[in-house]
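> Spelled out, the chains give:
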Amino acid sequence: MKLILAIVQEKDTSALQAKLNEKKIIATQLATKGGFLKAKNVTYMIGVKDEEVQGVLDIIKGTCQAREQYVTPPISLAGSISDTSYPVEVQVGGATVMVLPMDSFHRF
Amino acid sequence: MKLILAIVQEKDTSALQAKLNEKKIIATQLATKGGFLKAKNVTYMIGVKDEEVQGVLDIIKGTCQAREQYVTPPISLAGSISDTSYPVEVQVGGATVMVLPMDSFHRF
Amino acid sequence: MKLILAIVQEKDTSALQAKLNEKKIIATQLATKGGFLKAKNVTYMIGVKDEEVQGVLDIIKGTCQAREQYVTPPISLAGSISDTSYPVEVQVGGATVMVLPMDSFHRF
Ligand code: NI
Ligand code: NI
Ligand code: NI
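Residue numbers (my numbering), protein chains in the order written: chain A, 8 to 115; chain B, 8 to 115; chain C, 8 to 115.
Just so you know, the hints here were simulated from the structure itself, not pulled from any lab data.
Hints may contain errors.
Put simply, identical chains are the same to the list, so a pair is met inside one copy or across any two.
[What the hints assert, rightly or not] No more than 30 Å apart at the CA atoms, straight line, and that leaves these computed lysine-lysine pairs for BS3-like:
#	residue 1	residue 2
1	31	56
2	18	68
3	40	56
4	18	45
The whole structure should be built from the sequences, with the hints applied where relevant.
So, in structure tokens, the structure goes:
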């Protein structure tokens with residue numbers, strides 16, 4: 008067994024959770040902050056069999072990977088030269104994942 | 008040394024904490040959600056000597072194990088055929104426990 | 008790679024965070040309670056290379072170590088024999104640190 012600790016952005020948790028549910032993978036969530044993803048994020052604790060590790064890594068990569076996204080900033084109300092707002096590219100998502108060895112797993 | 012991560016139901020934490028105190032076992036708690044126990048739960052982080060692992064597992068099993076409990080649902084106010092409420096059996100408690108190896112433990 | 012779990016007092020987090028930033032060490036924080044430090048505390052999760060472990064332990068010790076501090080208790084309003092409040096020595100700070108082995112570390 009292995010413990011997968013995945014720190015992901017809050018906005019990616021519903022896509023991640025849906026995929027984990029689909030594969031019947033049980034994950035416990037904790038609210039965290041700081042780290043590589045800055046500000047508020049969510050850490051998943053997932054206990055899996057050794058042969059399931061790669062599948063879970065693929066799910067996390069598929070749903071949480073850092074990517075560029077165009078967002079249109081709101082037009083500022085005062086003192087703006089132009090009254091049009093252009094979309095800017097920002098980076099969203101991203102995940103930090105640690106795989107830890109486990110001595111034993113119990114369900115009572 | 009080992010790190011025991013125990014995810015338990017909130018309702019079982021006072022019994023668990025009392026037993027851990029009795030054995031002078033120090034545990035740090037974090038609020039978690041989801042996983043096998045669904046909804047809100049509590050994760051205990053307990054750093055112990057190798058020979059203490061089994062004792063802690065026994066305490067968690069003894070205080071948090073899944074069990075059946077009879078609860079009497081409240082009588083519904085409107086449109087109910089009978090005005091008596093019968094007790095129903097529900098499952099409460101349950102714990103997911105992971106034992107992880109530890110390289111070193113420090114207290115500063 | 009190793010995972011360092013450090014449980015520290017909330018009052019020591021700004022000094023600790025400043026030192027970690029200075030060394031460009033990324034740490035994720037979670038709100039915890041209980042344990043050796045009692046009441047509310049903060050747990051840091053820090054994934055580091057094996058050769059960085061000692062440096063991080065030194066930083067935690069340097070910023071969070073238990074120490075004596077003189078505090079002047081507020082003068083009680085009613086029924087006090089003396090109207091002067093003398094400083095008393097209390098212990099502040101302290102940290103519990105666990106170093107765990109890691110199989111792999113990923114950033115997506
Ligand atoms: Ni294994
Ligand atoms: Ni050991
Ligand atoms: Ni290593």
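> Would you mind marking each hint as holding or not holding in the structure?
Hint-by-hint comparison with the structure:
1. Taking CA atoms no more than 30 Å apart as the test, residue 31 paired with residue 56 passes inside one copy only; the shortest distance there is 13 Å, against 33 Å between copies.
2. When the C-alpha separation of residue 18 and residue 68 is checked against a cutoff of 30 Å, the pair qualifies only within one copy, where the shortest distance is 14 Å, while the shortest distance between copies is 35 Å.
3. In this assembly of identical chains, residue 40 and residue 56 lie within 30 Å of each other by CA distance both inside one copy and across copies; the values are 28 Å within and 21 Å between.
4. For a Cα distance limit of 30 Å, the shortest separation of residue 18 from residue 45 qualifies both inside one copy, at 13 Å, and across copies, at 20 Å.
Checked against the numbered hints above, the structure violates none of them.
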